[in-house]
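Each protein sequence line maps, in turn, to chains A and B.
Here the first sequence is numbered in our numbering, starting from 3 and rising by one per residue.
Here the second sequence is numbered in our numbering, starting from 16 and rising by one per residue.
In short, the hints are calculated from the structure, not lab data.
As the structure is a prediction and not an experimental result, all values here were calculated from the model.
Treat each hint with caution, since some may be false.
[Claimed, not checked] Within a straight-line C-alpha distance of at most 20 Å, the following computed DMTMM-like cross-link-like pairs (lysine to aspartate or glutamate) qualify:
| # | chain 1 | residue 1 | chain 2 | residue 2 |
| --- | --- | --- | --- | --- |
| 1 | A | K202 | B | E74 |
| 2 | A | K194 | B | D348 |
| 3 | B | K321 | B | E74 |
| 4 | A | K32 | B | E22 |
| 5 | A | K32 | B | D59 |
| 6 | A | K201 | B | E22 |
| 7 | A | K194 | B | D17 |
[What the hints assert, rightly or not] With the Cβ distance kept under 7 Å, some of the chain A side facing chain B (calculated, not the full set):
| # | residue |
| --- | --- |
| 8 | M71 |
| 9 | K74 |
| 10 | S78 |
| 11 | G167 |
| 12 | V190 |
| 13 | P191 |
| 14 | M193 |
| 15 | K194 |
| 16 | I196 |
[Claimed, not checked] According to the in silico footprint, chain A covers these stretches of chain B (three or more CB under 8 Å from chain A):
| # | stretch |
| --- | --- |
| 17 | 63 to 74 |
| 18 | 330 to 340 |
Every residue gets a Cβ at the ideal spot worked out from N, C-alpha and C, and that includes glycine.
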Amino acid sequence: MTIVVAYKWAANPQDAQVGADGAVDLSRAKPGVSEYDPVAIETGRRLADATGAELVGLSVGGPQVGTSMARKAALSRGLDRLVVVADEALDGARAATTAAVLAAQVREIGDVDLVLTGDGSVDEGAHLVPAVLAGHLGWPLLVDVTAVERAADGGLRVTRSVGAGTQVLEVDGPAVLSVAADAVVPRVPGMKDILGAGKKPVAEATVGQVAVSEPAVVGRKRPALAQRKGRLLTGADTAAVAAELVAALRADGVL
Amino acid sequence: MDFSITEEQELLLASVRDVMERACPESYMKECNEKGEYPQALVDALTEAGLTTLGVPEEFGGTPVDTQTLMLVAEEITKLGGPHFVFGQALSIADMLEFGNDVQRRQCMDEVLAGRVGFVLGFTEPQAGSDSSAIATTFTRRDGKVYLSGHKTFMSNALRARYMLCLARNADGASDEKKTNAFSMWWMPMDATGVTIEPLKKIGWHMMDTCEVYLDEVEVDEADLVGVEGNGFMQAMINFEVERLLMASSLLGMAECAFGDALDHAATRKQFGKPIGSFQLIQQKITSMAIKIENMRNLVARTAWKIDNGMPVQTDSALAKLYCAQSANEVIDDALQIFGGIGYTTDCRVSRLWVDARVQRIGGGTDEVMIHIAGRQILKEHTK
Ligand SMILES: Cc1cc2nc3c(=O)[nH]c(=O)nc-3n(C[C@H](O)[C@H](O)[C@H](O)COP(=O)(O)OP(=O)(O)OC[C@H]3O[C@@H](n4cnc5c(N)ncnc54)[C@H](O)[C@@H]3O)c2cc1C
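Make the full structure from the sequences, and use the hints.
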């Protein structure tokens, strides 16, 4: 069994600078494995350990994706090996292109049973890549996945979070799973993992022929700030004020 | 000259930050400090990530790393507001791993791997502080057993640790022995009959207990001797220099922690219609703090580099410990001053750093003892 985890090497949003006009500047942010992707890697590692599968990391992007730091950072999180497509042509690539290149690589790796992705990347957060990737592969896509295990018949049993509850599905063919951000707590790579990362195999692949018509972004706008009511509840009797607060929230349909 | 750190070190520090973010929020530190509780959840998280056994040989379940890496981790933990004592056991247990027998090593490592303290370091006594040759705790042999008697003081972790590495002199030995052959190390269970523990009340370091420990005819076995009889002091010395450097590195982190907080405050606190950071007297403090931090970092890094390259560091480590202890206290004091009144409240973590850093000019060898060690050595090297 081969499990692929698609991950992104992206700017860390914690280093973002927010200008007075609300514009987010990520130019000075340090890159790292995109915030939610370690959750997908951890989910994959646990499944791979339980099933004896190989866990292959796959990342496509600009040249920075292929740096030694980027490779070690990903591999130290528990992947067995990596396939990277680091190409200037993919610098700043958007969902359609990224997903097409990922799909080509999944086919190239061959015999892949499962592709895991994170919940969304921390920079753009469009949540599109898993869907487009599944479309290219012609595989089913399950999102908000909180658990995945081997079913008794050899297929996979996938738990999804739906609304306030969960749904359990059995999948018998290859699939793309987008793992919920809180599915598991990813391990913290220790020194052994970090030292071991430099010794794991990495294959560099090329973009190849990918014909993609990427929809053009023709405008971007921040959401208008909602008008606040600015109501202040005061009083010496805290229980009474709390009751008043609950009543007000009910009246506004918040509760 | 290359001042950069390796990719592996950078990734390790990212892991340290991850653990600290998850397990060491300031609210937790504050709670532990106020309640006088050991931050076990933090130690457990560091242990789970394999950080507490960094620097421990592989055969004992650790991950060997160079001194430089150990110092970077120690610095990062205190820089993020963590207590210094949660890291660096690799150095304090080195004596046991080097001189202990198989049973003692196993017992010590079981403690460390379980996130507990390896042992209490039983040196100091009321009459034997800087002058450890005055240690008066004795061991005596009777009917095939060994009995320890005496009074140890300032015993860190005595309430929690299961063993003490107890330095004692032979009650039946000659009285003219020197420090270098008068003492033996004994591996003593803290729950043995005859051990009485009384906590001391301190002005800081509230997360870790420090106690008086009275030993009244505590029975141990011949097999509990650590290393060679009479070599206790020399055995303990093997690691002093790198332990001093570890203290220096933790102090550097504490200074950086206070410095960062002070910078935030200077940039946001407004008086006379301006951020206080715009006043030159505040900038003067900030500049002098920055210089001291830079000096501390260089001293620590260069000494670690020397250790990793097999060079002697007797003077360097004493200088680093002395300078970092004094400068960290100065930097933290300046930070408290920049905070003004709020800095003197327990709401502000700089106040905790202020009391916690103070002891580092005393413990692990006082400032004066560091001067004594370095001064003698510098002159000796000059005149040879
Ligand atoms: C919180 C805390 C935890 C500790 N934990 C431990 C522990 O776990 N295990 C342990 O064994 N010890 C521990 N210690 C003890 C510590 O190592 C001693 O406090 C330290 O070595 C100094 O000894 P002292 O307190 O007796 O001071 P003293 O040696 O009495 O010194 C008093 C003053 O005289 C100065 N002085 C002494 N000799 C000279 C000299 N020759 N020249 C110039 N000045 C001199 C000193 O520098 C100091 O300023 C701890 C101490 C503290 C405060």
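Go through the numbered hints given earlier and state which of them the structure violates, listing their numbers in rising order. 1, 2, 3, 5, 7, 11 and 18
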